[in-house]
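Spelled out from the first residue to the last, the chains are:
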Amino acid sequence: MISSACFCAVFETAHAHYDCSPEDISILGFTFRIPPDWRSDILNSRQLRLHIYYPDRPRTLLLPPSLYTLTVETEERYDLLMRMETASPDYAHAVRSLMEEISSYTKMKSELDMSEVSKIRTGYPAEQEQNFPASFTDQFFAWMSSVHPDSGWADQDYSAALCLTDPCMVESYVTLPEHAFPAPYRKLAHPIMNHIHTLYFGSMTCPFLFPDKDLLLTAFKKATRENLHAVLSLPPVMSSDFERIRHLLEQLIPHLPALPEFSVNDWGLLRYVHTRYPSAVIELGPLLNRETRDVRMTYLHRNNPGDSSLHAPIWQKLISDLGVTRLSAQCHEQAQRPLPLPFSLYLPFFQMNTSLQCTLRSALECGTRGGQTEDRTCSSMPCSSSVFLYPDFLHMVGLQNSLYGYDRKALSDFSYVRTMMGDTCDRIVLQLFQ
Amino acid sequence: MKITAGLGHIDDYPAYVQSGADEVFCGYVPDSWYEHFGMNSPFNRREVRYAHVQIGARNELKILHSMTEDYGAPVVLAINSLFYLPSQYPMIADIICDCIHDGFTDYIIADPGLLYYVQNAGLKIHIHLSGETCTMNPQALTVFDSPMLKRVIFHRHLTVPEMADCIRSSTHEDLEYEAFILNERCHFHGAMCATVHCDELAPMCQVPYLLGRTAPHNTISLPVPDHDPSVFGDTGCGLCALYDLMSSGITHLKIVGRGNYSEFMQRDIRIIHRAVAAASAAVSKSEYLEAIEPYVDHCSHNCYYPK
Chain G
280 MISSACFCAV FETAHAHYDC SPEDISILGF TFRIPPDWRS DILNSRQLRL HIYYPDRPRT
340 LLLPPSLYTL TVETEERYDL LMRMETASPD YAHAVRSLME EISSYTKMKS ELDMSEVSKI
400 RTGYPAEQEQ NFPASFTDQF FAWMSSVHPD SGWADQDYSA ALCLTDPCMV ESYVTLPEHA
460 FPAPYRKLAH PIMNHIHTLY FGSMTCPFLF PDKDLLLTAF KKATRENLHA VLSLPPVMSS
520 DFERIRHLLE QLIPHLPALP EFSVNDWGLL RYVHTRYPSA VIELGPLLNR ETRDVRMTYL
580 HRNNPGDSSL HAPIWQKLIS DLGVTRLSAQ CHEQAQRPLP LPFSLYLPFF QMNTSLQCTL
640 RSALECGTRG GQTEDRTCSS MPCSSSVFLY PDFLHMVGLQ NSLYGYDRKA LSDFSYVRTM
700 MGDTCDRIVL QLFQ
Chain W
68 MKITAGLGHI DDYPAYVQSG ADEVFCGYVP DSWYEHFGMN SPFNRREVRY AHVQIGARNE
128 LKILHSMTED YGAPVVLAIN SLFYLPSQYP MIADIICDCI HDGFTDYIIA DPGLLYYVQN
188 AGLKIHIHLS GETCTMNPQA LTVFDSPMLK RVIFHRHLTV PEMADCIRSS THEDLEYEAF
248 ILNERCHFHG AMCATVHCDE LAPMCQVPYL LGRTAPHNTI SLPVPDHDPS VFGDTGCGLC
308 ALYDLMSSGI THLKIVGRGN YSEFMQRDIR IIHRAVAAAS AAVSKSEYLE AIEPYVDHCS
368 HNCYYPK
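Protein sequences appear in the order of chains G and W.
Residues in the first sequence are numbered consecutively from 280, following this note's numbering.
Residues in the second sequence are numbered consecutively from 68, following this note's numbering.
The set of hints was computed from the structure by calculation and includes no laboratory data.
Honestly, I wouldn't trust all of these hints.
To be verified - Per the computed footprint, the stretches of chain G lying under chain W, defined by three or more beta-carbons under 8 Å from a beta-carbon of chain W, are:
id: 1; region: 313-320
id: 2; region: 540-548
id: 3; region: 591-599
Claimed, not checked - Computed spacing ranges between beta-carbons, pair by pair:
id: 4; chain 1: W; residue 1: T238; chain 2: G; residue 2: D429; range: 57 to 67 Å
id: 5; chain 1: G; residue 1: F672; chain 2: W; residue 2: D295; range: 25 to 35 Å
id: 6; chain 1: W; residue 1: L289; chain 2: G; residue 2: T416; range: 14 to 24 Å
Since the structure is predicted, the reported quantities are computational estimates derived from the model, not experimental observations.
The beta-carbon is built from N, C-alpha and C at its ideal position, and this holds for glycine as well.
One chain only, chain G, in its complex shape:
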């Protein structure tokens, strides 16, 4: 049996076509099943079009009726089993190639582990999977050391923001002198640090990293004194966390110098914020911008489609109905073309996946990432001292409750970033972790 993702027979009549996936296939033909009411049209089809999908290319083969015969083998309650036979050398060649390719993959998959399969199929350097960084500190230092700050970033006109993604960073910010930023930002000798006009407070991925009310109030007031625009970043939340964050916002917002901008990563919080604060500027957070982000994409040699859902008018209507006026994107090698509304471009880290069951806590307490308990509360803050390290060559890391890729070009090549910005990106959001 062969998957319809590999082979499909399309019988064409003057007015219709009938797609059939095969049962058994050989270089002499194939069997297939049809609903009984297709019988006459299939037997009288005027052409057979075969779609053969190899991994790297599709192939279409056209066979006129003179080159094949059709017979009904059996008739069952729900279907007829038919056989197509042909002596076409083109067909035989195409099917032989396909079967060899499928057999080769199946044999590999049964005999080798997946990283070896990846190596053979894509050039993925499986042998480097054992080379880990000693720590995230070392890894981060190596990544930052490779940044070339003179690569076009210095003399550009852009507005930038910093993400203060956890309470420790926000706490550090409020205790520092005016116009000083916490680690790891203060250690970054990069021209982007001269363009900071905005601060994001809060994690875009973890509800437990949301700073408390008093800390946020102090941070917002300091940002106002420093003439910095402030954005509140809201993570995805389960119902219990929703109420906690909603309550915190109700307590916080009336005391702020001004209504903040929101970057929202949860549909429920999006509706709440828009309903409760209809005049607020709302950014559709990076997690709600759906696209493929994977550090291994380079091995797959796939074409970048360029567009994302957010380019579709239907998405623009959906988010407009929810009060969204800004979008966000993340900088990575397969990034989308510039978005159709004003947007923020996050770099150099890009989120790849997220868990709302804390994988770090589970790993520390149970020795496995999948050993969660019903208790979601977070008192131990495992992310303040632990990370998941990945093989060096992947340029990725597990931080907080997410896996992030690191885009090496982002801080080193402004022209690369500029292409992603287009005319609509009005803010670069620098997101570093400590």
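Take the given structure of chain G and dock chain W to it, following the hints.
Chain W alone, transformed into the frame defined by chain G:
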């Protein structure tokens, strides 16, 4: 409480129904999709080429529908990719029209844009809101409420009390609620997973990693779990929580398994079918737990709904 089971091949449909499935769900990818997009742009959440995880071409779709007329268990089609490209929405609407013509009325949808699109296009279908829409709280569910909404599928990261909260808060009468009960649990959240799942690369959650501490050279190697799908519940199990799910208002239980071996799926369906009967007959959770004890050889400790 009804059982909905993943189907990878139409010939398994009768056996699944006879084992106790009240409904099946499956992927159908028309040839026109492969012709336009190949494997680069998945139509649903099964993104592999070699394995038989979808039903076949339209011939099989029609045959499957004629089977449902005899066996009675409805079939739900999964069009549940997390996102689609702008040019794909009209094409998907055309595909849904073909499927409606062939007798299929219920669809699992995960892309908010597609939800909006099919509503605006006036398609006469029932929507099963996928857990991967990222609707994890009652307020999020209101965003996607519509007359076409028939069922909410809760994401497997929600706890039973969180599902109960969503059900209690709903003002939508007659809505069905579905929870995962068996197989293919992942510690990452599907709605927020942007990584590839393909023939050539391992899933990102299986790439080797170390647990690292702040101090250099203080790392712990954690094994990537190697679960055995031949063992009941080994890749994820919510059997112990079934009684609570029933009490919370869950109407459907999902057994994941598009592409699983038919024998394993039939076993899974039979056990869950018996467990549902046991939960219906039990007057307490402890009585239920006692009743199901003989059903399984051992606990996988890979719990969907841990305590």
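Output the indices of the hints that this structure fails to meet, ascending. none
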